[in-house]
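Following the hints, put chain B with the ligand in place on chain A, whose structure we already have.
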Amino acid sequence: MGKVSRLMQGNEACVEGALAAGMRLYAGYPITPSTEIAELASVRLPQEGGKFIQMEDEIASIACAIGASVAGTKAMTATSGPGFSLKQENLGYAALAEIPLVVVDVQRMGPSTGMPTSPSQGDVMMARWGTHGDHPVIAISPSSVMETYEQTIRAFNLSEKYRTPVLLMMDELVGHLREGVSLPDPDDIEIIDRPAVKYPDPKRLPYKMKAGQQVPSMAPFGNGQRYNITGLIHDESGFPTNSNAIAKELLDRIMHKVSDNYADIVSCESRFTEDTETVVFCYGGTMRAVISAVEQARSRGMKCGIFRPVTIWPFPEKELSKLASDPKVGRILVVEHNYGQMLLEVQRVVGGHCRVDFLGKYNGNAITPREITAALFEDDPGALASCAYTVGRDR
Amino acid sequence: MVDKGDVKPRTRQVSDLIFKYMRPEHLPQIWCAGCGNGIIMRDVAQAIENLGLSRSNTVIVSGIGCSSRAAGYLDFNTIHTTHGRAIAFATGIKLANPHLEVIVIAGDGDISAIGGNHLIHAARRNIGLTVVVMNNNIYGMTGGQYSPTTPTGEFGTTAPYGNIDRAFDIAKLAYGAGASYAARGSAYHVQQTISLIQEGIRHRGFSIIDVASVCPTYYGRKNKKGSAVDMLKWQRDNAVQAEKAKTMTPEELKGKLVLGAVSQSLHPEFTYEYGKLIERLYEEKEQREEQEKADMARIGKVTGQIKNSGEAPVSSPAGRERNELRLAGSGGQGIILASVILAQAAVLAGKYTAQSQSYGPEARGGQCKAETLVSDTPIGFTKVQNPTFLMCLTQESLSHYGKSVGPDCMVLIDSALTPPENLRPEQVVKLPILETARTKVGRLQTANIVAVACINTLIGLTDRSSMEQAVLMHIPKGTESLNLKAFEEGVRLASESLGALKGDGK
Ligand SMILES: Cc1ncc(C[n+]2csc(CCOP(=O)(O)OP(=O)(O)O)c2C)c(N)n1
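Protein sequences appear in the order of chains A and B.
Residues 1 to 395 in this note's numbering are what the first sequence lists, from first letter to last.
Residues 1 to 506 in this note's numbering are what the second sequence lists, from first letter to last.
One chain only, chain A, in its complex shape:
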């Protein structure tokens, strides 16, 4: 952290990050705990020459944002669980039609209306599998206010670069948290724009790529291209096709444009992993309790460390599997605010290399460092009364 200049709330950092990244349209529908994003966007966007619109529901909100992106404007929509459920169909549309877009989900406790103001990380699998069909996913989960600012910018950059919707999976813990942040000089912020079409293409093949290109260039509506966009499986011309060969080719390409660029997209953080025997796996706002718990555990002599995906999708499986195959590491404790979602992914990647334990909380309260140390030392079962703690493959 350099200069501290502002006290900022997580939801506010999301809006300021989006503006810095070039967002000029926000479409949304209010829902706790994401509402401050809409409120602030309504204040800030018109000041920057951009536009805010409160749509009639979350389906309309994402549709409106996609429309704006098609017209060449960087767009965002934000919501929470119930609204994220509603957005799923059009999320798939943006993935298949390759429309850049940022969708924010400030997670709250579900299912259904659940506990609207309570922290949760219950939507991380919906982020991966919520829309129907196979599709690439990039999802980022920040753990501090500053990181929310930075990762919102990164979400826009990745969505533009790869022409795909990017999900910012926040949680109530970070969305409603106020911290000091030091915003970078606008000139120091890297901004990536979608690969642009400079001249109208006489052949009119909007999804055709030059050799070596994995992401087609994109022309905004109105620049003279007159092409077609559809949510049907399409060929290079952007028109529907029933060719099975082209269908496979298209799906392969959109999946590969993300998976082949793993190194560019995936980001994760490791702490104290040089000497670690026990790794705590966490992401998003849960990280904060884990930091405190691991610091305490280390001061009590336990050799433990932290592994945290920043991009939860694609899952940082290379890094995790490397860590799990380190002979020193005998145990991974997965800590999350749900019934065991990312646990499945950790179990898959670790594949029996070491013990995988689980500490989950889904009663509407934040996991505390004490609960985590109790699970780490397995010495204070009473402290775990409001959590689910399971060892190995117990579940």
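Keep in mind that the hints were calculated from the coordinates and are not lab data.
Hints should not be assumed to be uniformly reliable.
Said to hold, decoys possible - Here are the simulated BS3-like pairs of lysine-lysine, each with C-alpha atoms no more than 27 Å apart in a straight line:
#1 B/Lys293 with B/Lys276
#2 B/Lys20 with A/Lys203
#3 B/Lys233 with B/Lys172
#4 A/Lys257 with A/Lys198
#5 B/Lys172 with B/Lys256
#6 B/Lys20 with A/Lys198
#7 A/Lys161 with A/Lys303
#8 B/Lys430 with B/Lys383
#9 A/Lys322 with A/Lys248
#10 A/Lys208 with B/Lys20
#11 A/Lys303 with A/Lys248
#12 A/Lys303 with B/Lys383
Being a predicted model, the structure only gives us computed values, none of them experimental.
Frame of chain A; chain B with the ligand shown alone:
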């Protein structure tokens, strides 16, 4: 862009229209023999030709259904979206670039069932889209299920005993929702429909033209309407012009097809109004920035210095200090603001901070709790675990939160309150916070500022000028002197009690 001249339909050779406005490589179209949709698509092309719209500046948006195939055949910027959502996509396109002429082509189910919500809200908002409905009274694409425009008693594959639902009149529905232009055309009445679409496009605001199509394959067959020609003849023989319809009774209008403009009025268009807002804010920009600077300067003058970029502390184990403050009271006492001000001061003083509060029912009227962590080292867990300081302004919150504090936690309470028995007398500081705000400052609402000053004086969270500046950054303009007075009173209250404490000790 748009020809503002008289609307004079000039029907060209269909082949001219095809080569100019359609994509011959994607023709012939796949609509069934006798389907009315092709006629309506051509009406749209003719209206565009008559108005002289630029192809590059025109966008066709469709949903999903038989109707939505039109987006693929028409040679403009075309987008085939998801079922029912065309208007919402179109709203984003129009808002992002109001210079584009955005036309939605939709089916009756698409626009009034799954997309009904978007229809009424776009109409209400009066955003400058033109919607052309290919209304065939049936779900065509999925094979003949009844739709919101299937008349009562008629049949569909999901209305095998006759439809019990009542039907929507889409033009009237849109009118009721505030559409500033709503009209009805038909596949048979080509010239009139072209005029109506032209008027709709030229109209500034939301316009909808509900065009009766014919679906001999499903609707016609299920309901024994005869051939496509019979269905078109029915339109010819049962059409009533809107003007004439006004003079007819509901009985007389039963089973008739009312054609023409159902409503036409002028209201501000959404994207135009938004453009005006942006212009206004742009003009005020300099003023706004200057105001911000002046505000900061004033705050600096009052507090003796301006702090807005304190260096973050390097974590030094030696100076490890961590304060966990919990403030509680009832909604309306400004507890959250006090907590935010403490965090703001910490930032100004170059410390790490984390501030959060409980939301929900607790935040409205009932109990209210906010937490501020202040530390010389980075903060992990962002919630209070072992409060080092608790302030309660109501008995209820004191009973609730007072129970769980440790013996080292300082507890500041309003003088009117009685501390619970678990607290040691030495850890409790009683100050007349509310009374001071009411009588000495003259405004009960300043109690939170009195409290902030008390807290900082008692535990020295930050230097005084950081705290004063934080106060000034978060209070309404025009209340500076009142709040600084409250701050001063708070400092005095707490200093006196500290003095008393010290005196006792000696
Ligand atoms: C979310 C969703 N639900 C259902 C469908 C299936 N579906 C496709 S078109 C259609 C109805 C089309 O009827 P209408 O809008 O009247 O248009 P038409 O085909 O008659 O032109 C339905 C139900 C879908 N594509 N998406």
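Tested hints:
At most 27 Å may separate the alpha-carbon atoms for a hinted pair to count; B/Lys293 and B/Lys276 meet this at roughly 26 Å. Among the hinted pairs, B/Lys20 with A/Lys203 is consistent with the structure: their alpha-carbon atoms are about 17 Å apart, no more than 27 Å. Taking the CA atoms of B/Lys233 and B/Lys172, the gap is near 24 Å; set against the 27 Å cutoff, the hint holds. Of the pairs offered as hints, the one joining A/Lys257 and A/Lys198 holds, with about 22 Å between alpha carbons and a cut-off of 27 Å not exceeded.
The straight-line distance between the Cα atoms of B/Lys172 and B/Lys256 is roughly 15 Å, inside the 27 Å bound, and the hint therefore holds. Taken as a hint, the B/Lys20 and A/Lys198 pair is honoured in the structure, with Cα atoms around 24 Å apart against an allowance of 27 Å. Between A/Lys161 and A/Lys303 the CA atoms are separated by roughly 40 Å; this puts the pair beyond 27 Å, and the hint is violated. Distance check on the hinted pair: B/Lys430 and B/Lys383 sit about 25 Å apart at the alpha-carbon level, within 27 Å; holds.
Straight-line distance between C-alpha atoms of A/Lys322 and A/Lys248 comes to about 32 Å, which puts the hinted pair past the 27 Å bound. Between A/Lys208 and B/Lys20 the CA atoms are separated by roughly 25 Å; this keeps the pair inside 27 Å, and the hint holds. Straight-line distance between C-alpha atoms of A/Lys303 and A/Lys248 comes to about 48 Å, which puts the hinted pair past the 27 Å bound. Taken as a hint, the A/Lys303 and B/Lys383 pair is honoured in the structure, with Cα atoms around 25 Å apart against an allowance of 27 Å.
Of the hints listed earlier, those the structure fails to meet are numbers 7, 9 and 11, in rising order.
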